[in-house]
Amino acid sequence: MASVTITVNGQKRTADVEPRTLLVQLLRENHGLTGTHVGCDTSQCGACVIHVNGKSVKACTMLAVQADGASVTTIEGLADGATLHPMQEAFRDNHGLQCGFCTPGMVMSAVDLVQHNADPSEQEIRDWLEGNICRCTGYHNIVKSVKAGAAAMRKTKTKKK
Amino acid sequence: MDGSLIGSPVRRKEDQRFLTGRGNYTDDINRPGQAYAYIIRSPHGHAKIKKIDASAAAKTKGVIAVFTGDDMKVGSLPCGWQVKSTDGSPMKEPPHPPIAQGKVRHVGDQVCVVIAETYAIARDAAEKVKIDYQPLPAVVDMRRALESKSLVHDDVPKNLCYDWTIGDAKAVNDAFAKAHKVAKIELINNRLIANAMEPRAAIGDYDRSNGDYTLYTTSQNPHVIRLLMGAFVLQIPESKLRVVAPDVGGGFGSKIYHYAEEAIVTWAAGKLARPVKWTAERSESFMSDAHGRDHITHAKVAMDKDGRFLALMVDTMANMGAYLSTFAPCIPTYLHGTLLAGNYATPAIYTNVKAVFTNTVPVDAYRGAGRPECTYLLERLVDVAAREMKLDRAEIRRRNFIHADDFPYQTPVALKYDSGDYHTLMDKAIRLSGWDDFEKRRAEAKKRGKLRGIGISTYIEACGIAPSAVVGSLGARAGLYECANVRVHPTGSVTVFTGTHSHGQGHETTFAQLVAERLGLTVEQVDVVHGDTAKIPFGMGTYGSRSLAVGGVAIAKALDKIIAKGKKIAAHLLEASESDIEFRNGAFTVAGTDKKKMLGEVSLAAYVPHNYPIDKLEPGLEETAFFDPLNFSYPAGCHVCEVEIDPDTGVTKIVNFTAVDDFGRVLNPMIVDGQVHGGIAQGIGQALLETCVYDDNGQLVTGSLMDYCMPRADDLPSFKTGTHNVPARDNPLGVKGCGEVGAIGSPPAVIGAVIDALSPLGVTHMEMPATPLRVWQAINGTKHRKAAE
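Taken in sequence, the protein lines are chains A and B. Read in order, the letters of the first sequence correspond to residues 804 to 964 in my numbering. Read in order, the letters of the second sequence correspond to residues 42 to 830 in my numbering.
Rather than coming from a laboratory, the hints here were simulated on the basis of the structure. Cβ atoms here follow ideal geometry from the backbone N, Cα and C, with glycine treated the same way. Hints may contain errors.
Claimed, not checked - Each pair of labels, with its calculated beta carbon distance range:
id: 1; chain 1: B; residue 1: Lys-89; chain 2: A; residue 2: Thr-864; range: 36 to 44 angstroms
id: 2; chain 1: A; residue 1: Ser-924; chain 2: B; residue 2: Asp-253; range: 55 to 63 angstroms
id: 3; chain 1: B; residue 1: Thr-563; chain 2: A; residue 2: Ala-954; range: 40 to 48 angstroms
id: 4; chain 1: A; residue 1: Asp-930; chain 2: B; residue 2: Lys-225; range: 41 to 49 angstroms
id: 5; chain 1: B; residue 1: Leu-814; chain 2: A; residue 2: Ser-924; range: 24 to 32 angstroms
Said to hold, decoys possible - Which chain A residues face chain B? A few, computed with CB under 10 angstroms, are given here:
id: 6; residue: Thr-824
id: 7; residue: Cys-843
id: 8; residue: Asn-897
id: 9; residue: Thr-906
id: 10; residue: Cys-939
Sequences are here, hints too, so could you generate the full structure?
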């Protein structure tokens with residue numbers, strides 16, 4: 804067993820896990836953070852995307868022990884209390900989700916896109932989301948959501964300045 | 042019902058939990074004392090199991106039990122439909138044991154289950170189970186199944202499940218004899234895998250104190266699972282079995298069926314007296330979720346000198362896979378053969394369907410189920426007919442459409458369409474897509490070295506899957522009505538219990554709109570509960586675009602009863618005659634006066650009946666209704682697809698996609714649009730990217746998301762959508778259904794566009810999926826041929 808300590812959604816948490824445990828398993832099974840989903844076994848679907856030290860990562864491609872000492876944000880930690888993150892709000896407002904299963908990964912991935920590119924074009928959004936599969940929406944409304952979310956994030960940033 | 046909430050794009054109530062990671066999917070649930078199941082699956086397409094030695098696995102630390110087919114001798118997984126062959130004989134219905142009994146029949150067939158304290162222990166211990174197989178020749182190719190010496194089931198000769206026909210053969214033959222021209226086509230409807238993003242999962246739980254079982258499962262229809270598993274597989278009475286389908290991450294048909302794993306975990310939970318959980322890995326989904334489509338069809342249409350259709354003849358072979366899945370036999374027959382009139386006034390139709398067993402995963406409904414296969418062959422054939430007659434593809438459709446004033450329209454293949462306006466739908470799609478000035482865009486693309494093409498398809502769907510009497514006469518072994526319970530609480534908030542199930546469709550919002558509008562409440566005051574047999578009286582679930590068309594009407598009927606009882610209570614409270622009470626905007630009013638009681642006051646009186654007509658009326662305000670419609674509903678539409686092909690790489694890019702649909706009355710256009718987008722994406726996936734491949738030994742070659750090409754965001758365009766909604770005549774709410782149409786209408790439009798792009802090179806046919814390889818071969822094959830000539 805290995806002891807893994809991560810700061811997840813602002814809270815320091817330690818767990819003893821088998822060295823082969825994946826980061827997504829640590830989050831779901833040890834820390835009860837079931838918002839991060841497992842949709843495949845080949846790192847294709849992106850349902851498990853979270854942020855590790857601020858960057859989007861597929862939590863199924865990383866061992867829990869590799870995250871020791873890292874700061875992790877999952878979908879549960881994205882909203883500011885009762886106030887949704889602008890990207891979450893944009894997904895709701897543009898019907899960017901249906902069954903909700905790919906949604907956490909999709910939103911986390913989209914937030915990281917906007918961190919890299921504050922005003923992505925439709926094509927840039929589609930290219931970035933290549934690693935996130937959605938079977939429900941046909942991506943049409945996801946693309947719209949990300950555009951709107953990016954605009955809202957730009958606004959928030961300006962306000963903060 | 043045309044108030045402010047109906048037809049309004051109300052934002053979804055369910056989104057808050059999904060967006061914040063608080064959804065509650067089956068794999069998110071953990072029961073105290075839970076054990077984990079790992080299922081050992083057949084690596085062979087077809088083999089005898091000579092011996093299983095699980096002794097080493099059973100002795101492993103942390104392993105609780107290992108069960109094989111010898112341990113789990115229970116009922117067969119049942120089939121919900123009985124199809125009869127033309128000679129009157131019933132379809133062949135071989136047993137489908139949850140764990141293989143002596144023989145495996147497809148890669149992925151369940152052979153053994155290892156149950157342990159953790160999933161990792163179960164999975165590791167499974168490697169210690171020694172299974173001695175004697176491989177047998179596999180039946181894989183449908184075309185060879187009938188002649189194959191190898192039999193999937195020893196007692197099913199020729200591997201033939203049934204040989205079914207519908208229509209008037211003589212009338213069709215007569216029409217072909219006098220036809221001016223005949224157009225023919227032969228095509229394959231490629232096998233697909235639904236791949237809902239949430240893999241299937243199941244938890245069996247057993248309560249030692251009272252002998253009650255609970256199954257948590259990824260299902261589109263928990264009551265159906267309770268009925269099938271309880272009555273046929275495990276012999277557990279309904280009163281002792283609860284089935285919960287919590288949040289479900291997409292279904293698309295693949296989560297309708299009763300699967301072996303549900304029975305295995307429930308049975309094992311009883312044996313071990315502790316909860317047992319199983320969650321599919323994605324690679325397991327590929328080899329254990331029912332697949333879709335997989336037809337081979339020959340079709341021909343007879344035409345007069347003006348290109349009017351005189352008769353249609355269709356021969357189809359349909360793959361059932363190794364066992365009959367729950368709905369399987371009805372897909373190529375009642376959801377396919379009966380739709381062959383399409384949007385056209387073809388006077389004579391005859392079709393034959395041969396369903397065969399093969400050593401592949403069972404095939405069943407996948408989004409559209411039979412209707413995409415039907416639409417694809419029909420629309421591709423109509424394109425061939427247009428070419429034969431040298432008519433524009435839109436024009437030949439226009440000439441043959443059923444006219445808007447000919448409804449209700451009785452087709453020659455059993456169905457009676459209640460409403461529609463196909464000419465207007467197509468005209469709108471043509472305008473929206475720029476069909477008429479396409480040649481300019483083709484010429485412009487040519488300058489850039491690209492091959493541009495445009496395709497069109499029209500479709501009709503029979504959905505709102507119900508009429509129990511009709512489906513019963515067609516072979517359904519169950520009724521397909523729907524049930525709703527509306528509970529007005531003492532202080533006026535409302536809970537709706539529906540037998541349908543939402544796994545992405547947004548019922549919690551749409552149904553709340555329906556109820557809030559009728560009762561004068563806000564959407565927030567209405568809670569919609571689904572997916573739990575302990576809470577909901579009964580239900581047949583969600584598939585066949587039936588939730589609103591059948592389940593929504595059941596809710597409306599329960600509301601009628603609520604309002605009727607409320608009027609009686611209000612009449613008493615207001616000291617007026619019941620016939621003078623009107624109900625509007627949440628208030629019971631004495632007509633022509635300002636005397637009124639709000640719904641909340643009436644419900645409070647119903648639950649605190651101090652001043653109440655107790656001699657005539659029971660306390661409480663809760664009503665249940667069942668609704669069984671008299672007809673299907675018939676959405677229709679027209680899709681136009683425009684593609685550009687790079688002749689150097691064979692890559693097809695969709696540059697424009699337009700869909701104009703008729704959904705009847707629409708409750709939430711935002712949700713409807715989303716359903717259309719998703720369906721189109723799946724149809725484009727079928728047309729360009731997806732296919733399920735087996736090798737000759739029955740090995741599943743496309744067994745992971747690395748091998749099976751799912752549409753990604755960068756494979757698709759944004760879509761143009763429009764509607765021309767004609768309220769359904771035979772549906773009390775006027776609604777038709779929208780869940781499947783995208784997947785039905787789009788594939789022929791896409792392939793039509795690909796062929797059109799390649800037509801200057803002489804290409805006239807293309808199979809799905811039109812992969813870059815296939816397209817490149819079509820381009821270069823033609824070039825080489827031309828050079829040789």
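Checked hints:
1. Hint check: Lys-89 (chain B) to Thr-864 (chain A), Cβ distance near 40 angstroms, so the stated range 36 to 44 angstroms holds.
2. Take Ser-924 (chain A) and Asp-253 (chain B): their Cβ atoms lie about 56 angstroms apart, and the range 55 to 63 angstroms holds.
3. Between Thr-563 (chain B) and Ala-954 (chain A) the beta carbons are some 29 angstroms apart, a value that contradicts the proposed interval 40 to 48 angstroms.
4. As the Cβ distance of Asp-930 (chain A) to Lys-225 (chain B) is approximately 43 angstroms, the hint placing it in 41 to 49 angstroms holds.
5. For the hinted restraint 24 to 32 angstroms between Leu-814 (chain B) and Ser-924 (chain A), the CB-CB distance of approximately 30 angstroms keeps it satisfied.
6. Contact between Thr-824 (chain A) and chain B, as hinted, is supported at the beta carbon level, the nearest pair being about 9 angstroms apart and thus within 10 angstroms.
7. Taken as an interface hint, Cys-843 (chain A) checks out: its beta carbon lies about 4 angstroms from the nearest beta carbon of chain B, inside 10 angstroms.
8. Annotation: interface hint on Asn-897 (chain A) holds; nearest CB of chain B at approximately 9 angstroms, less than 10 angstroms.
9. Hint on Thr-906 (chain A) holds. Least Cβ distance to chain B is approximately 5 angstroms, under the 10 angstroms limit.
10. Look at Cys-939 (chain A): its Cβ gets to within about 5 angstroms of chain B, closer than 10 angstroms, so that hint holds up.
Of the numbered hints given earlier, the model fails hint 3 alone.
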